[in-house]
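> Below are the chains, spelled out letter by letter.
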Amino acid sequence: MSAHRFKSGDILIGRYEILKYLDAGGMQEVYVAKDRALNRKVVMKTPKAGSSDKRFARGAEMSARVNHPNVAATFDYFETEGTTCLVEEYIQGKDLGKRLAEDYHFMDPALAAHTLHHLARAIHEAHRVDICHRDLKPSNVMTSDDDALSSIKLTDFGIAKLAESKIGDEMDLFNRDDSTLTSSKTLLGAVPYMAPECWNDWKKAGQPSDIWALGCIAYHLLAGDPPFGSGRIAMKNLTLAERDGVKLAKPAWFGLHSSTATLEAELWSLINACIQIDPALRPTAESVVKTCDSFCYAASTRLCGTVGDFPITFAAGGIGNFGFILDATQGKHFFHGSDFFGVEGPKSGQRVAFSEYPGVPRPRSCPVLLLRSS
Amino acid sequence: MLPARYQLNSKSLSTGGYGTGQKVKDTFLGRNVLFKRMHNAAHNEQLETEIRALSKVRSRHVVEIYDVIYDKHGKVEGIIIELLPGSDFTQFHKQYPENMGGYLRALYQIACALTDLHAAGIVHRDVKPANMRETASGVLKVFDFGISATDNQYVTKSNRGTELFSAPELYDDNPTLTPEMDIYSFGACAWALATDEFPAMLFEAPPQSSGRAPSIDEVAPGKLVPELVALINDCLDPDPVGRPTARAIRDELGLHLVRGQHRGLFVQGSQKVYELSQSTPRVALKIGTQGELGVKYDGLSFKIVSVTGDVYMNNAPAKAGDELHKACVLTFGSNGAGRSYVQFVSSHPEVIL
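Chains as they are written, first to last, in the numbering used here: chain A, 1 to 374; chain B, 375 to 727.
In case anyone wonders, no lab produced these hints; they're calculated from the structure. These numbers come from a predicted model, not from an experiment.
Going by beta-carbon spacing under 10 Å, a handful of chain A positions derived as facing chain B:
{"id": "1", "residue": "His117"}
{"id": "2", "residue": "Ser300"}
{"id": "3", "residue": "Val360"}
Computed from the model, here is a short list of chain A residues facing chain B with C-beta under 7 Å:
{"id": "4", "residue": "Ala37"}
{"id": "5", "residue": "Leu38"}
{"id": "6", "residue": "His68"}
{"id": "7", "residue": "Glu125"}
{"id": "8", "residue": "Ser259"}
{"id": "9", "residue": "Tyr297"}
{"id": "10", "residue": "Ala298"}
{"id": "11", "residue": "Ala299"}
{"id": "12", "residue": "Tyr357"}
{"id": "13", "residue": "Gly359"}
Note that CB positions come from ideal geometry on N, CA and C, so glycine has one too.
Required output: the full structure, derived from the provided sequences and hints.
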């Protein structure tokens, strides 16, 4: 604990009481605090010792300018005890990076379309007020607790400004000595989503670089991995793509579900439009939003459960491609094998999230998304 | 005392019932915000009420609160809230009924705000066009929570809110504040966003003593779909029991905002059989001699219009008049071996503003 700047119970500027240390990114420490003036929970971010920088203040200003339901609201900024703190809206949930690491192997097309749609809105608003995020990656996206991810908010515009110098420095270092990559957490986190023009000249990162990153995130959601891999492999693959053109491999499960074939094709075409080497060829955020508006998907609430029996053997013999899901109260939900999205299965004991609709004798679940075992 | 952090750089003052708002610059974050205080310090308890309400709810359609300003005795004398630079809604009625999309979007967003507020146990008490405004990106937000109630058993002895928007039961002796009062105000808001000429009975004390107000349809006959006319008229029911909940209003308006934008897909095996949409709203699915199913898209949902033979939806006999579930399996034929299956999925676009 002593490694952290603040401890639980600390009170800053007579107003913010540190409740707990939450997390650390490459450049900042994140705390949950209580705003005693307004009697509410907030998130407090402060640069890690050593990375304090006037850019943090500038970054806070940038965050404050982007006021949108899909962007975490900036509440306050102050300087105290030799450091600077940014106060943001508290969102009960998990960041998308953790979601991908802990919950999803990949997302079914409807959930991916929903996530992409909200993210595109956030980026569109930022670009509208002339702000680039520059460090878009799943860990900078907050998602609400529910299995339908009903609330999705982009965060860390403030850190993006800090990242700009930090990543710039690290890239300079990397150019001189390429063994630094693995020791640089900041650079490493950004690599899988970083557009080629940023590699060539970091200062050229602009709105199209955000669109590239959005395309890479969308790919990651559907395929379970970023399009070019991570770390050194990503850089090698990107160099090849620059030379030979981008050739993305479709997610392995594409084409297996007839009911989502149309949406898969639409998502695939958008991803390919975003991930183009020439920044000028990528769509604008506004155009991405319009495309998402036209997507055909149901953003219904989702339940969580465990696959019970699958497949079902008929009393008269023969096997049916369907089974049942048990929810927390042992309620039984019907599902058909063709509506199951997973890297393997369906099989008994798997944790799944699903939407459901009335049916006889059981409600019918669709889609059914395999979750990572907890 | 306004801390030096906030710079008064304009003389622009906006005044409301009891308060004034002044645009100030938050130099820490480099953004303009609103400094709100009371004309008369005797009303400062309204600020406390406002702080309680605004910090209790998180809603994309409620103004954000950022800071509390104290006087030298440590008493609250002002609040710093989000500045809403977009258009206000007091003159919106001039766009009615031409801008029907804007009208429905406004009502939808007010209903979203009320849903969130009521879920947090807050009654706004002063819902009216003057208390809502747009952000720079066009999101409607509700503000002025000075007379709101943040606990359930709050009884008011004074202050009915604003004439025209006040529910009839506020004229009872010591009425308990209820979410239904906000719903009445919502109904009056729907009128005020459509016209500046109101039926006289809405101004009676209590309102509609001499009889129910006419239908909102009379403002521009035929322009508003009958379901929404009924919804708005119900909000103004003098009996609170007859009014819909904020959630029900939100869901109904949300449905109409994406009217005609749904798509329905019938798939057999790996073959797309048929796609229903606004431009191709009808289909008759006939599978051999096993059965035939007629489905129609009416702009809001997919409905079964005819059934011949043995057709089942999620294993229940399909009936004319039933709505197709957003996702379901249609079975043609009654015996195990000879049955055919058609999957149906539909998109219900998200209302994202």
